[in-house]
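Sequences listed follow chains W and G, in order. Using my numbering, you'd call the opening residue of the first sequence number 103 and step up by one each time. Using my numbering, you'd call the opening residue of the second sequence number 9 and step up by one each time.
Derived from the structure by calculation, the hints contain no laboratory data. Nothing here was measured: the structure is a model prediction, and the numbers come from that model. Hints should not be assumed to be uniformly reliable.
Here are the simulated SDA-like pairs of lysine to any residue, each with C-alpha atoms no more than 20 Å apart in a straight line [claimed, not checked]:
id : chain 1 : residue 1 : chain 2 : residue 2
1  : W       : K217      : G       : D592
2  : G       : K612      : W       : R196
3  : G       : K247      : G       : F263
4  : W       : K217      : G       : N204
5  : G       : K572      : G       : N204
6  : G       : K143      : G       : T197
7  : G       : K467      : G       : H349
8  : W       : K217      : G       : W367
9  : W       : K217      : G       : K264
10 : W       : K217      : G       : P152
11 : W       : K217      : G       : G139
12 : G       : K506      : G       : W367
13 : G       : K467      : W       : D195
14 : G       : K467      : W       : C180
15 : W       : K217      : G       : F106
16 : G       : K467      : W       : L173
17 : W       : K217      : G       : I474
18 : W       : K217      : G       : V105
19 : G       : K264      : G       : M339
20 : G       : K612      : W       : D195
21 : G       : K467      : W       : P247
22 : G       : K612      : W       : V197
23 : W       : K217      : G       : M339
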Amino acid sequence: MSSLSRCVLLSLLAACLSGCRSSANPLPAAAGGAPVGSPPQSAVSVNSILDRTNPLGRDPVSLEDGRRLFLWYNCYACHGPHGGGAIGPSLRDRVWRYGGSDAQIFASIAEGRPKGMPTWGRRIPEVQIWELVSYIRSLNTPNEPDPPQEPASEASGDTKVLTSASPASPHSAAGRQ
Amino acid sequence: MNRIARLGCRSLLLCLLVASGAIVAEQNPGSSAAPGKSATSSTPGALPDIHLVAPVSDGQWTIPAGDDGNTRYSALDQINTSNVRSLHVVRVLSTGVFRGHEGAPLVVGDTLYVVTPFPDRLIALNLTKPGLPVKWTFDPHPDPAAVGKAFRGVVDRGAVYADGRIIYNTLDAFTIAVDAKTGKLAWKTRIGDVANGETLTMAPAVVHNIVFVGNSGGNFGVRGALTALDAATGKILWKAYSTGPDSDVRIGSDFKPFYAKDRGTDLGVATWSPEQWQRGGAAVAGWISYDPELNLIYYGTGNPAAWNPDARPGDNKWSVTLWARNPETGMARWAWQIEPHDAFGYGAVMENILVDMPWDGRMRKLLIHPGSAGFVFVMDRETGQLLSASPFVPVTWARGFNLASGEPILNRAKLPRFGIYANQVCPSMAGAKAIASSSFSPQTGYLYIPAQNTCMDVKDTTANYIAGTPYLGAIVRMYRGPGDYQGELIAWDVAHAKEVWSIRDDAFPVDSGVLTTAGGLVFYGTMDGSFRAVDGRTGKVLWQFKTPSGIVGEPMTFAGPHGKQYVAVYSAIGGWMGSADFPDISSDDPYAAHGAAGAMRGIKTATHPGDFLYVFAE
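Let the hints inform the model, and build the full structure from the sequences given.
This is the structure:
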């Protein structure tokens, strides 16, 4: 990416952040089941990113957008609903396999990693990757949007529990009505 | 001698061993069979009216469950209730892979075979030499991209022996055959595309030199399938998909489902929204059993994709379904969909245990399926009729099953909604049991079930299909179920459909497999690493040994080359619940590992990841 285009992109971002706060997220809210949309206009060149810090900084709207994208792009499905890890490693701890700076997290998302992390750089817009970086770096900090809640475990609705002591006779349905 | 006969004495060594009596063969055929009711074998130590379809009788362990009927009952009785206290370690093998070791080793002739989790190494131990040294190790070098596609961990549930070869699956979706003597690759067949999330974790089965392989990746929206391969060449013979048109599912004129709800044309298409069946999950990640007399194989399919049921209107056939198929043609004989339009992530890939025993006053050919939905299903395996459905753990999602229609009676208050938690849904999405198997002892007529008393809060969220990423659309948090315990080994009286005794574990689920023996013993392990021998009648713990890591594998037993009985088990925590012990899962986030971290509090101090095989002898 030339310095000119980088400049243009940053200007656009700056304009966006000042003028149209939440419009950085082009996704429909909670639309069911649609696959990822058409590819973005420009592919990301990772080499041009490595020396950069997140242009979005710690902007709270970007954090919220990053949280939504984390769900939308199924990041939560591998890294856990709140980034605590599942198939993929935790993003909440202080351990980073491939580095924890803005640029390094950006590179992991954009380039993918060998143990199954997909390559997102050619599939989603650069600004969305930065929003994801913002969200990921907020995990386990006071700035984290929608932090994990302990299970309430409160009773809701009918809580009748069937147990192995319940069935009357083995040869009729347990609880047949 | 059944096993040897079926293997056809292809191995000269095997025949010599048998001829010399080096392999313990049916030492105790004394208990007489009930007259004329069944052509299945009488089993040493069995109650007179209980028959197993193909019991382990030669001291080997050549297929994943030991026996075709998946009872995991061994007729060996050198180690028994009176001497088990002197059991001690004779060998510890470190495999070098600190991930969940599920499944069981094999023993064929004088060699023990271990399959590790990814990178799926095959290690052969020499049973004829002191210390059981390593003979050779085979490394298939699977694609590391598969690691990130393994929803229940990078596990491998083991191998099967056929015709001089050890056959098993690698996580990156290949089935491979390795020469049992030399450790050289014989053939390698690609089964699926790991880039889309299709992996292989199950242990293959073999019938009549046909290898059966089921796929994993249901939670990635792959299309579930059972693939049959020629054991000699690895050539694919047929593929029976879990979804799609009847021709793909291998449903034809022989298909006779017992229940009306399972009859119709192309239900694998018609019970989905358009095209959704192509990414509908219903993987075949579990066990396959075989009845040689009926010549039918039995297996189940997993949960539909996505988790969010709103993404897939309809009954979603043939997810969460039990199948009977002809092994040669793959054509279906019957199917029973346990739960239409699953909303809880319950699959039906658990073991199907085949037993002939009296039921309602007459001998019947039973299939017993202790399922992840929390019920023990007893079925007539000839017809696919549901005879009994009884909960073995606390259950809130359903009030029972209607035996006349074959349908669950849902508790609608427990259905998840978009953005709103359904609370105290029991069992959790991790199931009333893990994929690790129960064992049935014909000595007692009891099924010994390793159980998880774990409940969940679950809410639906957007389900977005992106190839190669999990296709979920639900958020889950899990915790200990009612009664303030979370794990249990349950002795279940099959004939009376009730619990006889149980051994509870307050803190953790019991995710180990179970082994029963003619010595009156039940072997199983705990999540914090205790390996136990229990009196099968009373539930008294007669012996235990604390291993370094959690036990999620399947204990097995065998007679060594000199006739001495051994017991072996892996000590290496893993699987869905066990993954909470891994360093890259945060303990302070109860949602980590999709709720396992919340349910498994304390596991990181109770035990650590391991990579061990333990072998014990008296």
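Evaluation of the provided hints:
Distance check on the hinted pair: K217 of chain W and D592 of chain G sit about 14 Å apart at the alpha-carbon level, within 20 Å; holds. In summary, the hint linking K612 of chain G to R196 of chain W is supported, as the alpha carbons are separated by about 17 Å, within the 20 Å threshold. Proposed proximity of K247 of chain G and F263 of chain G is supported: the alpha carbons are some 17 Å apart, at most 20 Å. About 14 Å separates the Cα atoms of K217 of chain W and N204 of chain G, which keeps this hinted pair within 20 Å; it holds.
Only pairs whose Cα atoms come within 20 Å are accepted, and K572 of chain G paired with N204 of chain G is rejected, the gap being roughly 47 Å. Restraint check: the Cα-Cα separation between K143 of chain G and T197 of chain G comes to about 25 Å, which exceeds 20 Å; the hinted pair is violated. Distance check on the hinted pair: K467 of chain G and H349 of chain G sit about 16 Å apart at the alpha-carbon level, within 20 Å; holds. A hinted pair counts as satisfied when its Cα atoms are at most 20 Å apart, and K217 of chain W with W367 of chain G does not qualify at roughly 51 Å.
Between the alpha carbons of K217 of chain W and K264 of chain G the distance comes to roughly 44 Å, so the proposed pair goes past 20 Å and is violated. For the hint pairing K217 of chain W with P152 of chain G, the CA-to-CA distance comes to about 5 Å; that is within 20 Å, so the pair holds. For the given pair, K217 of chain W sits about 36 Å from G139 of chain G by alpha-carbon distance, which is inconsistent with the 20 Å threshold. For the given pair, K506 of chain G sits about 14 Å from W367 of chain G by alpha-carbon distance, which is consistent with the 20 Å threshold.
Between K467 of chain G and D195 of chain W the CA atoms are separated by roughly 25 Å; this puts the pair beyond 20 Å, and the hint is violated. Taking the CA atoms of K467 of chain G and C180 of chain W, the gap is about 17 Å. The hint holds against a cut of 20 Å. Only pairs whose Cα atoms come within 20 Å are accepted, and K217 of chain W paired with F106 of chain G is accepted, the gap being roughly 16 Å. The hinted pair formed by K467 of chain G and L173 of chain W meets the criterion: a straight-line CA distance of about 13 Å does not exceed 20 Å.
About 17 Å separates the Cα atoms of K217 of chain W and I474 of chain G, which keeps this hinted pair within 20 Å; it holds. Restraint check for K217 of chain W and V105 of chain G: the C-alpha separation of about 16 Å stays at or below 20 Å, so the hint holds. With a C-alpha separation of about 11 Å, the suggested pairing of K264 of chain G with M339 of chain G holds against the 20 Å cut-off. The suggested pairing of K612 of chain G with D195 of chain W holds, with an alpha-carbon distance near 15 Å, which does not exceed 20 Å.
The hinted pair formed by K467 of chain G and P247 of chain W meets the criterion: a straight-line CA distance of about 18 Å does not exceed 20 Å. Between K612 of chain G and V197 of chain W the CA atoms are separated by roughly 17 Å; this keeps the pair inside 20 Å, and the hint holds. With a C-alpha separation of about 37 Å, the suggested pair K217 of chain W and M339 of chain G falls outside the 20 Å cut-off, and the hint is violated.
Checked against the numbered hints given earlier, the structure breaks hints 5, 6, 8, 9, 11, 13 and 23 and satisfies all the rest.
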